[in-house]
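Engineer: Please construct the entire structure, taking both the sequences and the accompanying hints into account.
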Amino acid sequence: LVEHGTVESTVYQSVGDWLEAIKMGRYTEHFMESGYSSVDAVAQMTLEDLRRLGVNLAGHQKKIISSIQEMRVQMMNGTVPV
Amino acid sequence: MNTGPNIVYEWLKTLQLCQYVESFVDNGYDDLEVCKQIGDPDLDAIGVFIPHHRQRIHDAVRRLKEEEKETDS
Numbered sequence: 001l002v003e004h005g006t007v008e009s010t011v012y013q014s015v016g017d018w019l020e021a022i023k024m025g026r027y028t029e030h031f032m033e034s035g036y037s038s039v040d041a042v043a044q045m046t047l048e049d050l051r052r053l054g055v056n057l058a059g060h061q062k063k064i065i066s067s068i069q070e071m072r073v074q075m076m077n078g079t080v081p082v
Numbered sequence: 001m002n003t004g005p006n007i008v009y010e011w012l013k014t015l016q017l018c019q020y021v022e023s024f025v026d027n028g029y030d031d032l033e034v035c036k037q038i039g040d041p042d043l044d045a046i047g048v049f050i051p052h053h054r055q056r057i058h059d060a061v062r063r064l065k066e067e068e069k070e071t072d073s
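Going line by line, the protein sequences match chains C and G. Under my numbering, the first residue of the first sequence carries the number 1, and numbering increases by one thereafter. Under my numbering, the first residue of the second sequence carries the number 1, and numbering increases by one thereafter.
No lab work stands behind these hints, which were simulated from the structure alone. Possibly wrong hints are sitting among the right ones.
Said to hold, decoys possible - The calculated lysine-lysine pairs, modelled on DSS-like cross-linking and capped at a C-alpha distance of 25 Å, are:
hint, chain 1, residue 1, chain 2, residue 2
1, G, Lys36, C, Lys62
2, C, Lys62, G, Lys65
3, C, Lys23, G, Lys36
As the list claims (entries may be wrong) - So the derived label-pair ranges between C-beta atoms look like this:
hint, chain 1, residue 1, chain 2, residue 2, range
4, C, Met32, G, Glu10, 34 to 44 Å
5, G, Glu66, C, Ala41, 35 to 45 Å
6, C, Arg51, G, Gly47, 19 to 29 Å
7, C, Glu33, G, Glu70, 40 to 50 Å
8, C, Met32, G, Glu22, 21 to 31 Å
9, C, Asn56, G, Gln55, 19 to 29 Å
10, G, Glu33, C, Glu70, 14 to 24 Å
11, C, His30, G, Glu22, 17 to 27 Å
12, G, Thr14, C, Met76, 33 to 43 Å
Every residue gets a Cβ at the ideal spot worked out from N, C-alpha and C, and that includes glycine.
Structural biologist: So this is what it looks like as structure tokens:
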């Protein structure tokens, strides 16, 4: 019953899961407190938003922003009905 | 190749600090552009706590910035 064929491109269930997956779990509370509690909301974020919620390290900003960009691409390729 | 984790590895190797490469990359410091912005909070996050290692990286970051200025002018 397990289908290995359809690779669910990494769609994260929660913001926490996503941050853990990219080793940025330390920011989960920052995201929650600032109202970015869904993956959809996160996908809209900009660098400015990240700074505002307290992601100050250049490397962490880079890592999170590039993951958000990948997320957007996957969302566009995945769930949009033709 | 001027970008990517490889160049960070090479850079750390010249500093004899390549044991930190994984932690650099995990924390998003995966090219020299972003490494130029390293200061104390970044080293805390990466987990470089040995004072003379920190000093070596600070010096190297300063050199990166100087190189940048030279190529600009």
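Engineer: Would the pair Lys62/C and Lys65/G pass a check requiring their Cα atoms to be no farther apart than 25 Å?
Structural biologist: Judged against 25 Å, a Cα distance of about 19 Å means the pair holds.
Engineer: Taking the CB of Glu66/G and the CB of Ala41/C, does the distance hold inside 35 to 45 Å?
Structural biologist: holds (41 Å)
Engineer: When you take the CB atoms of Arg51/C and Gly47/G, is the distance between them in 19 to 29 Å?
Structural biologist: Check passed, 23 Å falls within 19 to 29 Å.
Engineer: Between Met32/C and Glu22/G, does the C-beta distance stay in 21 to 31 Å?
Structural biologist: For Glu22/G against Met32/C, whose Cβ atoms are near 28 Å apart, the range 21 to 31 Å holds.
Engineer: Is the Cα-Cα distance between Lys36/G and Lys62/C 25 Å or less?
Structural biologist: holds (13 Å)
Engineer: The hint says 34 to 44 Å between Met32/C and Glu10/G; measuring C-beta to C-beta, is that right?
Structural biologist: Holds, since Met32/C and Glu10/G (Cβ atoms, about 39 Å apart) stay within the stated range.
Engineer: Is the distance from the Cβ of Glu33/G to the Cβ of Glu70/C consistent with 14 to 24 Å?
Structural biologist: At 19 Å between Cβs, range holds.
Engineer: Given a hinted range of 40 to 50 Å, is it respected by the beta-carbon distance of Glu33/C and Glu70/G?
Structural biologist: For Glu70/G against Glu33/C, whose Cβ atoms are near 44 Å apart, the range 40 to 50 Å holds.
Engineer: Just tell me: holds or violated, for the beta carbon distance of Asn56/C and Gln55/G against 19 to 29 Å?
Structural biologist: Distance hint for Asn56/C, Gln55/G holds at roughly 22 Å.
Engineer: Measure nothing beyond the straight line between the CA atoms of Lys23/C and Lys36/G; if it is 25 Å or shorter, mark the hint as holding.
Structural biologist: holds (22 Å)
Engineer: Are His30/C and Glu22/G spaced within 17 to 27 Å by their CB atoms?
Structural biologist: holds (24 Å)
Engineer: Do Thr14/G and Met76/C keep their Cβ atoms within the hinted range of 33 to 43 Å?
Structural biologist: holds (41 Å)
The structure meets every hint from the earlier list without exception.
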